[in-house]
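**Q** Here is how the chains run, residue by residue.
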Amino acid sequence: MLIENIKTAFTQYKNQAEVSGFSVLREQAYQEFEKLGLPTTKNEEWKYTNLKVLANKDFESTCISSGNVKAFLQNALLNKITANKLVFVNGTFNLELSEIIEKDNSIFITNLAKARSLHAEIFNQHFGKYANIENNALNSLNTALLSDGAFIYVPTNKTVEFPIFIVNIADSSDVNVLNQPRNLIIVEKSASVHLIEMYYSLGSNSVFTNVVNEIYANENSHVEHYKIQQQEGESYHNNFTQIFQEANTNINHVTLTLDGTLVRNNLHFYLNGQNCNSLLYGLYMPHGNSLVDNHTRVDHAQPNCNSNELYKGIMMDKSVAVFNGKIMVHLDAQKTNAYQRNQNILLSDEATVNTKPQLEIFADDVKCTHGATIGQLDEEPMFYLRSRGIPEDVARKMLLNAFADDIAEKIKIPELVTLLEEEIEKKL
Amino acid sequence: MLSIKDLKAEIEGKKILNGLSLEVKAGEVHAIMGPNGAGKSTLSSVLAGRAEYEVTSGSVSYEGKNLLDMSPEDRAREGLFLAFQYPIEIPGVSTTNFLKTAVNEKRKYLGLDPMEATDFLKMMREKMDYVEMDKSLTSRSLNEGFSGGEKKRNEVFQMAMLEPKLCIMDETDSGLDIDALRLVSNGVNKLRNKDNAFLVITHYQRLLDYIVPDFVHVLYKGRIVKSGDKELAKELEVKGYDWIKQEVEANS
Ligand SMILES: Nc1ncnc2c1ncn2[C@@H]1O[C@H](COP(=O)(O)OP(=O)(O)OP(=O)(O)O)[C@@H](O)[C@H]1O
Ligand SMILES: [Mg+2]
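Heads up: the protein sequence lines correspond to chains A and B, in order. Residues in the first sequence are numbered consecutively from 68, following our numbering. Residues in the second sequence are numbered consecutively from 1302, following our numbering.
In short, the hints are calculated from the structure, not lab data. Treat the hints with caution; some may be incorrect.
Only part of the chain B face toward chain A is listed, based on derived beta-carbon distances under 8 Å [stated by the list, open to error]:
hint, residue
1, ARG1351
2, PRO1373
3, GLU1374
4, ALA1377
5, GLY1393
6, VAL1394
7, THR1402
8, ALA1403
9, LEU1463
Chain B is nowhere near these chain A residues, computed Cβ spacing over 10 Å in every case [to be verified]:
hint, residue
10, ARG93
11, GLN98
12, GLU127
13, ASN172
14, SER257
15, PRO481
Calculated from the model, a selection of chain B residues having no Cβ within reach of chain A, i.e. all distances over 12 Å [claimed, not checked]:
hint, residue
16, LYS1315
17, PHE1385
18, ARG1507
Remember, predicted model here, so these are calculated numbers, not experimental data. Where is the CB? At the ideal position from N, CA and C, for every residue including glycine.
Chain A extracted, bound-state conformation:
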């Protein structure tokens, strides 16, 4: 049973000697988790996303990987691109598969467990400061059981030349695995970085991956952040990302959910300074009985900021999608521009979409719009293409690619765009 497994795992950590401040945090987090328990559908935020299936399964938190991860990664995207790579297998940092090509050694691209002591000052200044554990059971769980993750620090005025891949592989070859990846990214003033978070799975047992990301963007910085979910099979995935933006920062975020039994993405932006630009894009293509839930929240706490959000879904079979987009415009956040759209195409009569915008506006001089659409592929373009001799199935693919294109064009890595196109091709 999951709850017992968690307790066992926590007790093991407790018995290990750890940096004292950290074990206090763990303890607090565990208490919080125990108090809250796994979210149920009674919780408004989890109304459509039921984690009950997890409760009766047994998971192991600290299991070794017996699968051939190296072979598995051979043809993966990260091996086709010149990039920095941090690879974690079942939550453990894998030095052999990782590769740091960044030459500037004032830029830290390493693993969290190491950074905790090596870069203690930066770590302590930022860790746990952005992602709340209070009243958040899964963030608490992540903190209580966390083993490792990425630690990236980009100092003032520095640009990380090549993208950084943060790759998490859940290997369930032997047992059901429970992973708690935890990433901390600090981008100082006028610095910039390109992050690609990827999730894979291998093995035939169940996987429950529960991620927490904290991204701090100091003034004038620029962050490209893509999150790609490709865990296949029985995989349950919860991701909480808090992006904290100081003044004049630009963040371009893309979430691609290409696989998974149950995927919940919680993407939170906090705009803490003026003239911030926050872009949130997402594409999901669930099939079979899978569920994809995107909960986003943008907190406009300061004036003169822009946020733009577009999430698109291609729904197959009996899949379910949830979109909940909250925009909070705080009292002081005058001249806010906040836009949000969620568009869905149903390729099956049995697919379901639950979409809900949530605008809470406390300032008076703001521009906010939202809109959601759910429908079939349009007849008119379909007929146009067919009337030129293009068969129905080819025409459908062209139109779905066109639909996805609004998101694909936000991705600045051509190889990743190709991957997306291949996935669309494969799915349909």
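Once you've looked at the hints, dock chain B with the ligands against the given chain A.
**A** Relative to the frame of chain A, chain B with the ligands by itself:
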């Protein structure tokens, strides 16, 4: 080539084509005129295979085959082409990619290998010249943000690329400026040969000055109520449709 007999079609229970008959032979150009709402676009939609229209009786044979049994894509690959009255925009589908797919799907259907990329580009350039279409348009999404006239040119350009046997042009002239009208007509005339045929739907005689028809038909209330040669179009230009409407009412 095309034989339409007593065709009746409706949409949402509304009868639009009411027993329309028309014979078109290879090498011929037929102009179809008629007042707004007469059913001209409906006829072209039914011929192209738009599913919303229900054919309730009659037959259409195209090159000896039952056209109404064929899917829209098969009709196209068998050589039928409809230049739409209102070409739609398809964001995210590039014009070049779309045409390459269309051309190669047709070739596949005919048992031919796909075209070499260089040959394809050459053909594109050549056919674009037919209608003096701006090269930059092909790198954009299909018709997206094109002006009205550019969309119409694009239809004729596609027609030139696909080399159809039966071309149905639904008011391709509306929205074209005078120079474009001449250009597009010249393009069409270049495509004209003894093996293909044109159905040209128009409201204006001036198009028929350039594309000279062999026959002119008046479509009214879902039927062809009068046919003649190119002189009929000139007569309509002067007299309008009232006299024809009166004739029809008198006969019914
Ligand atoms: N989808 C539809 N639903 C209802 N009525 C329709 C539909 N399509 C066409 N009609 C009706 O059928 C009639 C014929 O329309 P059609 O477009 O064929 O006329 P047209 O001769 O092409 O006219 P125009 O010269 O204005 O282009 C019109 O009365 C029109 O309103
Ligand atoms: Mg019409």
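**Q** Would you settle whether the hint for B:ALA1403 is holds or violated, based on the nearest Cβ-Cβ distance to chain A being less than 8 Å?
**A** Constraint on B:ALA1403 satisfied, holds at 4 Å.
**Q** Quick check for students: does the CB of A:SER257 sit more than 10 Å from each CB in chain B?
**A** The assertion about A:SER257 holds, with a minimum of 35 Å to chain B.
**Q** Far enough from chain B: is every CB of that chain over 10 Å from the CB of A:ASN172?
**A** Non-interface label stands for A:ASN172: nearest chain B Cβ at 43 Å, farther than 10 Å.
**Q** Are all C-beta atoms of chain A more than 12 Å from that of B:PHE1385?
**A** violated, 7 Å
**Q** Just to be careful: measuring from the Cβ of B:LEU1463 to every Cβ in chain A, is the smallest value less than 8 Å?
**A** Constraint on B:LEU1463 satisfied, holds at 7 Å.
**Q** When the nearest CB of chain A is found for B:PRO1373, is that gap smaller than 8 Å?
**A** Because about 4 Å separates B:PRO1373 from the closest Cβ in chain A, which is inside the 8 Å limit, the hint holds.
**Q** Is it correct that the beta-carbon of B:ARG1507 has no partner in chain A closer than or equal to 12 Å?
**A** holds, 27 Å
**Q** Would you check whether B:ALA1377 satisfies its interface hint, that is, whether its CB is within less than 8 Å of any CB in chain A?
**A** Since the shortest Cβ distance to chain A is 4 Å, the answer is holds.
**Q** At a threshold of 8 Å, is the proposed contact between B:GLU1374 and chain A supported by beta-carbon distances?
**A** holds, 5 Å
**Q** Should the hint that B:ARG1351 touches chain A count as held when the rule is a Cβ pair under 8 Å?
**A** holds, 6 Å
**Q** Please verify that the nearest CB of chain B lies beyond 10 Å from A:GLU127's CB.
**A** holds, 45 Å
**Q** Quick one: work out the minimum CB distance from A:ARG93 to chain B and report holds if it exceeds 10 Å, violated otherwise.
**A** It holds; A:ARG93 is separated from chain B by about 48 Å at its closest Cβ, greater than 10 Å.
Hint 17 from the list above is the single one not met by this structure.
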